[in-house]
Amino acid sequence: MALTRKTLAYLTTAYAFIFLALLFRASWLTVFVLPIAVLIFASSKLPKLEPFPIAVTRRIHPIRSMGDEDVEVTLTVTNRSPHMIEALQLEDNLPHEVKVKSGTNRLMLSLPPGEVAGFSYKLSSPKRGTHELGPTLIVFTDNLQLRSVISRLSNVEQFLVLPKIETLGTIDLKGRRVGPWPGLVPSRRMGIGTEFFEISPYVPGDDLRRLNWKASARTGQLVTNEFEGEQVVDILVVLDCSEDVMSDLFDYDALEFQVEFAASLCSQLIMQGNRVGLSIYGAVRTWVDLAFGKRQLLKILDSLAVVKPGAATLPIKYVVESVIASILPARSVVLLISPMMADVVPEMIENITMKGYTTICFTPSTGTSLRGLNDSSRIARRIFAAERKLRINKVRQLARVIEVSPTIAIRPSLRMRNGWKAA
Amino acid sequence: MESSLGNLRLRWNLLRAIAAAIAIATFTLTLMTIPVAIWILWVLGLIIGIAVSTIALVKCDATWCRITLLAQSVLFAIALLSAISRGGPAEELPILLLAFVMILGTEQLLSLTCNYGAQFSLSNSASIMSFNIPTLQRSLDRLYRRLAWVGVILGAGYLLSVAIASMGSFLSPVAPALSDISVYVLVTSISLAILIVLREE
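Sequence lines, in order, name chains U and D.
Residue numbers for the first sequence follow the numbering used here, beginning at 477 and rising by one.
Residue numbers for the second sequence follow the numbering used here, beginning at 7 and rising by one.
Incorrect hints may have been included.
[To be verified] Calculated lysine-lysine pairs in the DSBU-like style (CA-CA distance at most 30 Å, straight line): (1) D:65 with U:603; (2) U:603 with U:482; (3) U:575 with D:65; (4) U:650 with U:870; (5) U:793 with U:865; (6) U:640 with U:770; (7) D:65 with U:577; (8) U:870 with U:793; (9) U:603 with U:831; (10) U:575 with U:603; (11) U:598 with D:65; (12) U:793 with U:775; (13) U:865 with U:640; (14) D:65 with U:784; (15) U:831 with U:865.
The hints are simulated quantities; they were obtained by calculation from the structure and are not laboratory data.
Bound conformation, chain U alone:
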C-alpha cells in the first residue's frame, strides 16, 4: 500500500505549521496540525486495502479501421472477489496521439462481488498506423484518498487504422502486356469486350446478334463484328517514402497524401480486376506480391498502414529495380508515386522503361508560398524547386508524369489529364 501525493502534501503542510510555530514563537499555529492528524488517523483506521482480483476485457470495434472512422472501445470489468469493492479507479491507457471523442477511459466504480460493469468510449478517427490500447490501470483507494494500491493489468491490445481510400472512378489503363483473365484493359486482340475491333466472315455457330448487316449487304457474304478483348494487366505500385517526402517544399503532409493516393489507386485497380502488387521504399522496406481480389487489397492496405518515412539501408534504385525484376512480368505496368526529390529517380525510371515496362509517375505538387521565410530560406527553396522541376522534365521524356495535389480531388485531377489514358 502506498501513500498518495495528497498524503505527502498534508504531511508537508503539517510540518510547515510546526516549523512556523517555532520560527515565530506562535504556539497557536500548531493547532492547524490537528485537523490533518485527525484525517491521517481516520484513514489508518479504515479497512486495509487489498488488490482484489479484477478481470477486465476490452473489445475494439473495428479492429481494422478504414480511416476517417471512429473506433469504439468497450471495457467489461468483473469483480471476481467475494468482497464488495468500495472504490475502484479504472483507467485505460491511451497512446498520446489518440483522443477520446465521447465517453471516458477513466472512471470510479463500486462493485459488489461477482458484479459485471461495462462502459465504452469512442476514439476520434485515429491517424493511420498501429495504435496500442492498454494496459488498464486499477487503483484501489481508501475513502480519504490518502492510501492507494495500484495494479497494472497486462491487457495491451492493438488496432490498425488503414489509409483513407478515395473513389477514383474507372481508370482507363493500357498495358503492353495483358493477362489471360477478362478485365477492363483493352488487349489489342479479338475477344470479349465492348469496343469494335474488326469484321470477319460469319462462321456457323457465331452469335447472330453480332452480324453486321450493312457490311454483309455491301460484300455479299455474311460478316460479323469482332470486338477488342478486355483483359487484366499486372500492375506494380511503387511508393517512394524516402525522407525527402518530408521536405518543406510541400505545404501539406505529402507522406499521408502519397499513402492515401497509393491506397486509392490500388483499391480502384483491384476493383477493376487487375493483378496488383505494391513495393514500399521508406523506413520500412516491404513489398506485396501481385495478386487479385479483396484479400490482396487488405494485404496492401495493411502494408500501407505502417508506412513510415525514412531512408532504407539500400538505395531506392537498387530496391525498386530488384523488386520489379523479381515479381513483375516483363512489359507490365509500373505506377511510381514519388516526391521526385532524389537525383537517382530519373535514372531509375530510365532503367525501368528500357526493360519494357510501361511507367506512369505520380508526384505531389509543391506549394508556391514563400511567406514567413527569410531570404536565404527563400533562395534555398527556389533552388530545390528548380532542381525538382528539372528532374520532373527529365522523367517526362521517359514516362508520363502526373502532378497530384490534396487540394484538388484526385478523381477530376486524373480525368483532366489525357495522359492517364495514353499509357
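Let chain U serve as the given structure and place chain D on it in line with the hints.
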C-alpha cells in the same frame, strides 16, 4: 431508463452545486480573517474565488480544481501572515481554523468531483448511456457516502482543534508557559504518532 438517467443527472448536478457553494463559502470565510483595510484583496479574492470555483465544478477539470485550491491557499497564507504580524489571531482563531478545515474539505470535494466527473459530466445522454445506469447510481451513492465520511472526520477534527485551542486559552491566565508547552507537546506527539502509523502501514 429516462427517469433514472434524469435522477442521476439531478443528483450529480446537486452535488456540484453544493461543492461550488462550499468552495465559495471557504473563500468568503478566509477573506473574513483578512483585515478590511486590504479591500482590493477582498474584492479580487471574492471575484477570483467565485470564478475559479464555478469553472472548476462546471468543467470538472483537475487543472481548474488545482487553481481553486491554490487561490484558497494563497488567501489563507495572507490571513495567517496578517495574524502573525498582529501578534496572534486572538478571537479569530476558530474562524481561521474553520477556514483551514474548509480548505481541506474543499480539496477532498474537488478531487472526488474531478475523479467522478469524467463519468457523470458527459455532455450528451448518448455518452452516459454507454455505462450501466445501476453501476453509475451505485458509484454516485458511494460518492455521497464518501463525502459524508469526509465531512464527519473534518468536523471532528475541527471540534477537537477548537477544544484544544480553548484549553490553551483557559490555561494561559493560570500558567502562561504551561499553555504554550502543552500545545507544543501535544502536537509534537501527534506528529510522531503520524509517522509511526505511516511506518506501520
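Here's how the hints hold up against the structure:
1. D:65 with U:603: It holds: about 28 Å lies between the C-alpha atoms, which stays within 30 Å.
2. U:603 with U:482: Between residue 603 (chain U) and residue 482 (chain U) the Cα gap is close to 37 Å, so the pair fails against 30 Å, i.e. violated.
3. U:575 with D:65: Holds - the C-alpha atoms of residue 65 (chain D) and residue 575 (chain U) are around 18 Å apart, at most 30 Å.
4. U:650 with U:870: 23 Å, holds
5. U:793 with U:865: 20 Å, holds
6. U:640 with U:770: Judged against 30 Å, a Cα distance of about 16 Å means the pair holds.
7. D:65 with U:577: 16 Å, holds
8. U:870 with U:793: 16 Å, holds
9. U:603 with U:831: The hint is violated at about 39 Å.
10. U:575 with U:603: 10 Å, holds
11. U:598 with D:65: 20 Å, holds
12. U:793 with U:775: 24 Å, holds
13. U:865 with U:640: Judged against 30 Å, a Cα distance of about 29 Å means the pair holds.
14. D:65 with U:784: Between residue 65 (chain D) and residue 784 (chain U) the Cα gap is close to 38 Å, so the pair fails against 30 Å, i.e. violated.
15. U:831 with U:865: 25 Å, holds
Of the numbered hints listed earlier, those contradicted by the structure are 2, 9, 14.
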